[in-house]
Amino acid sequence: MIQVAFSLLLLPLLSAGVTLLFLRKYGNIACLLSVASAGGILAFSTFLIFGNDAGSAFAWNTPWFSLSGWQLDFGFLIDGPAKTLLFVVSFVGLLIHIFSLGYMADDKAKARYFGGLSIFMFSMLGITLADNLVMIFVFWELVGFSSYLLIAHYFKTDESAKASRKAFIVNRVGDFGFLLGIIFTYWTYGTVNLQELAVTAELDPSLTSTLVCLLLACGFIGKSAQFPLHVWLPDAMAGPPPVSALIHAATMVAAGIFLLVRIEFLFTTDALQFIGLLGAVMGLYAGFCALTQRDIKKVLAYSTLSQLGYMAAAFGLGLPGIALFHLMTHAFFKALMFLGSGSVIHACHHEQDIFSYGGLRKKMPLTAYTFLIGVMAISGVHFLSGYFSKDAILLGAYNLDLVIFCILYAGAVLTALYMFRLYFLTFCGSARSHSSASANESTIFMTGPLCVLGVLSILGGFHALYPSPIVEFLLPDIIRVADMPNHLWMNVLGLIAWVSGSLLAWKIYGSQSDENDPLAKISPTLFQLSNSKLFFDDIYSFYINKIQDPFFRFLEVMELLFISGLMVRGTAGVAALFALLGKSFYSGKIHSYSFWFVTGILGFLAYAILSGGNN
Amino acid sequence: MNIFQLFLLGSILVPTVSSLVIFIFFLNDSSRAKQIAYIAFGFPCMAGIFLFLSVDPSHSGYSYQLLYDRMGLQTLGITFHLGLNGVSAPLFAMAGFVGLAAGLVSIKSDAERLPLLLALLAFMQAGLMGLFASVDLLFYYLFHEFALIPTFLMIGLWGGRDRRSIALELTIYLTLGALISLGGLVALNVLLDAPKFDFPHLTEALLAEGLAIGTQKKIFGLLLFGFGILVALFPFHTWAPRGYEAAPTPLSMLHAGVLKKFGLYGLVQLALPLLPAGGLSWGPYILWLALGNVLIVGAITIAQTNLKSMIGNGSVMHMGYCFLGLGVCSSLGAGATVMLMCAHGLSVSLMFLIADCISKRTNTLEMNEMGGLAEKTPVLACFFAAATFATIGLPGFGNFWGEFAIFLSLGEYKENHLVLGLAALGIIISAIFGLRAMAKIFFGTQSEELSVYEKDQRIQDLSMDEILPASFILVPLILLGLWPKGVSQGVDTNIQARYEILEKGDGSYGLPSCCPVDQVLNIAVPLKLEKQEERSGQESE
Chain A
6 MIQVAFSLLL LPLLSAGVTL LFLRKYGNIA CLLSVASAGG ILAFSTFLIF
56 GNDAGSAFAW NTPWFSLSGW QLDFGFLIDG PAKTLLFVVS FVGLLIHIFS
106 LGYMADDKAK ARYFGGLSIF MFSMLGITLA DNLVMIFVFW ELVGFSSYLL
156 IAHYFKTDES AKASRKAFIV NRVGDFGFLL GIIFTYWTYG TVNLQELAVT
206 AELDPSLTST LVCLLLACGF IGKSAQFPLH VWLPDAMAGP PPVSALIHAA
256 TMVAAGIFLL VRIEFLFTTD ALQFIGLLGA VMGLYAGFCA LTQRDIKKVL
306 AYSTLSQLGY MAAAFGLGLP GIALFHLMTH AFFKALMFLG SGSVIHACHH
356 EQDIFSYGGL RKKMPLTAYT FLIGVMAISG VHFLSGYFSK DAILLGAYNL
406 DLVIFCILYA GAVLTALYMF RLYFLTFCGS ARSHSSASAN ESTIFMTGPL
456 CVLGVLSILG GFHALYPSPI VEFLLPDIIR VADMPNHLWM NVLGLIAWVS
506 GSLLAWKIYG SQSDENDPLA KISPTLFQLS NSKLFFDDIY SFYINKIQDP
556 FFRFLEVMEL LFISGLMVRG TAGVAALFAL LGKSFYSGKI HSYSFWFVTG
606 ILGFLAYAIL SGGNN
Chain B
4 MNIFQLFLLG SILVPTVSSL VIFIFFLNDS SRAKQIAYIA FGFPCMAGIF
54 LFLSVDPSHS GYSYQLLYDR MGLQTLGITF HLGLNGVSAP LFAMAGFVGL
104 AAGLVSIKSD AERLPLLLAL LAFMQAGLMG LFASVDLLFY YLFHEFALIP
154 TFLMIGLWGG RDRRSIALEL TIYLTLGALI SLGGLVALNV LLDAPKFDFP
204 HLTEALLAEG LAIGTQKKIF GLLLFGFGIL VALFPFHTWA PRGYEAAPTP
254 LSMLHAGVLK KFGLYGLVQL ALPLLPAGGL SWGPYILWLA LGNVLIVGAI
304 TIAQTNLKSM IGNGSVMHMG YCFLGLGVCS SLGAGATVML MCAHGLSVSL
354 MFLIADCISK RTNTLEMNEM GGLAEKTPVL ACFFAAATFA TIGLPGFGNF
404 WGEFAIFLSL GEYKENHLVL GLAALGIIIS AIFGLRAMAK IFFGTQSEEL
454 SVYEKDQRIQ DLSMDEILPA SFILVPLILL GLWPKGVSQG VDTNIQARYE
504 ILEKGDGSYG LPSCCPVDQV LNIAVPLKLE KQEERSGQES E
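As given, the protein sequences belong to chains A and B, one line each in that order. Read in order, the letters of the first sequence correspond to residues 6 to 620 in the numbering used here. Read in order, the letters of the second sequence correspond to residues 4 to 544 in the numbering used here.
Any given hint could be a false lead.
[Stated by the list, open to error] Partial list, computed: chain A residues near chain B (C-beta under 8 Å):
hint : residue
1    : ALA62
2    : TRP65
3    : PRO68
4    : VAL178
5    : LEU185
Because the hints were derived from the structure by calculation, they are not lab data. All C-beta atoms in this analysis are idealised placements derived from N, C-alpha and C, irrespective of residue type, glycine included.
Only chain A is shown next, with the shape it has when bound in the complex (with noise of 0.2 Å):
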């Protein structure tokens, strides 16, 4: 078991190794290896999972760092949510490795892509498989490194330059807060070890700290893009479409919540509410950003922000096991629609403006139909893999929080919406531009992966399903909630809705002919209001090209004034100041000389006489 462990996480990282020292200049080989790599980790993962008896977990460790009494592990656990994170990371990562080999088979860097995508794969598996905190944070920053890596693949543009430094700084201000977390937790608890602080925390309840719980969120927060750190994601999207997939929808961000799930015994009540009320707010909020967004990888990138806010509703409600259960079914339908996009962004010659596609369904059906599949999955519609997750969390919230239901279920009507819009204006109607009219179907390493994720979309929701290991850990939240009452109003809420949502897109975009958003005209306030996205990232880069770098120049200039010039230059002064003074009196003129011998017997003289008295 644990050779397999170790296995599964170093093959992602020698495959990586090799293509950097070796397959720089081989791209081709370098992406058979990668994706070779990504099926052996679905081979070891899948024995992960079987390996032992559902219900237990497998735990492993050995020391690592050790410093004065603290000791810092490195071991593995692989209990319930580990084993639907495994599950998850594995096998839609090899469809997603899959599917690159298409979308980026004409890419000039290909082996640098496929590395960073095997380093990935490494840090992602380490989140998953980490069984103390510290761990997590190491993995946690390598997930941001190769996303840092991933997203500045087209380095050339200025677009990816600046949105890779910014994910991962505003992912490491995510880490600051976490960083402290973890330390203020060592300190209370006496370890950092999952399973000792779950089992502390139990038998002493009061070590619980809402500020401690908090600074822990703060990785969270970052990592899953929430409010107020949400501005990198929709940024990220510079990064070629499978990156945003694996990472920026399907896995990486999504280990916010996974870590959550992971340290849910240390939240007091008052810290959940506090998620479940920002998660909540997150979903309406960036619901309302994407609908004005033109960008086919924005609107995705903040549905995904806006999904992330229901799995941390899910959370704050109390319901981690549905958090979990809606970021499986999440990973596989924003998958889908991720790679959706790309093949569409490949088939249309690197446009990304929706309102430049259109009537791309005759051109490719089958990117269509999966992506329409995605569509309805998200939205809610009935028996879906999205219903059975989404209308789990609402339901959770109408029967737990009628304040947290009434803004997820504005974030649901909105989440029809622009969802159908951006299926309405990509594959409907006419093609607006010379790329979306020449457009054709994409290969079979693309479509393949498109049609089985489609499928699991279809079916994802079933948890019966699935065996038993990798839902072990969701099953007892589903009960929870099958068993709460409300069932047929949450139905028809549920189908309103959706339907409601569609049938508003229809009616708005669905026979869109020009090049100009409709809402521009229909409500230009709301329009413009949801284009700001409400000034967050106006008031950052003021913050930073106003503030933060004029002060730090000053301060720079401070240092130099002060420190060197003052401090330095000035008591080099003072000893030169004295050396002049000195030097005068070296003249050379006889008659200076006496000048000076007679005053200063004068001198003498009048202070022996002054004084002469008292002496």
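Given the structure of chain A, go ahead and fit chain B onto it with the hints provided.
Quick look at chain B alone, frame taken from chain A:
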């Protein structure tokens, strides 16, 4: 003499002798001088690896001791005494790696009067190896001076823009720092009547006699500011970035990477364990000064546009972390500092090396005049990214463990939580300047200046001559990141043994109510010293 001792002595003698040989015979023969230089830098590195691997990490105290009574001043207890322990061994090995890399860089450089450069550098290398191998305090200090003299000469001879004034500023600062710390060392020698003036004997003497609190504070103050100036503690740091900017690359590597660790090593091995009360009373001041390094110098680093001065400022900033670890006055903090010293020595010298490679290709160090280099020089971009992310403290590189453990040690006491919160902002600051540099140099489109320059000079990727020295630094840096226990175990055993007195108290340093000062006092303070102390205290008032 067994093989270990032979290696230990050889790591100092080989570069010294080679330096002299070049100096006397081959000043005009570049090719011979280069051949000798390979030995001068290769042997210490080999010895460093070998000795580091063979030091027993669970043994506290010095291994492979080598003692020559006749050398030194016996009446003062000064002898030529070499040895390695768990703390010095990794630093010794680090000095070997960085020395080899710096040596290779200078051998392959086309500097004028190359044999002289190599001779000076080899001389410096001997000093650096000797510094960490010394058990005797005076020799420890002398080896530092050994290494310092070539620094001035090399900046004066091969330096960049206004080298004379910078060499002068550097000389004044560093000799001042060295002088003050020498004062502290002399005070220790005089006040503690130890039979020998070395680390273990002084510890014993302290345990037997103890020093009055006031004396401890004074000596600690001398050592702190003396060493502090040498390590660029805020606000005595301005010499460092300017100096590194002007110095030739191999010198910047050796100085920022290794020589600067002299002061920290002295504080970790000597000042804190020997003068616990002094450490505890100065601790809070160290913390706040170190915050100056992290936040103020960090902010200044972000404002830099010149690559080398950014690296120089960044290295000053990270020295702040080391001081934070010391200011906590715990064995955890001190151990963490040693971890960071090892890692930082490697990462900063890698930075300087790569910066040199970049400037050779672009003919400038202004980052705004570069851009888009990643396409033409992917390998260079990889190495720069590795160095940058190591500096930023990405896990997987050694720096992360040092920084993390320092933050952890700050979290131990409530009093330090504010400092911890502020210091941890450093991880954002370093990310900002590191990634900005990465983006400005390698991403985006090529600047006009560079395009103009490229017309006469094709930009080529790293050659094997450059990859090799960079790898000599990068590989240990990654190994340290992947398996920190390899270093931490030895560090831990030794630090714990030496920090017993400091840790005996309840550890928080709010003098005088709750600290191990009482413990120190209980270890029989000689009346004579105390009286002296009182008298001097009255005088100063």
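Could you tell me which of the numbered hints above are not met by this structure, giving the numbers in increasing order? Violated hints: 1, 2; rest satisfied.
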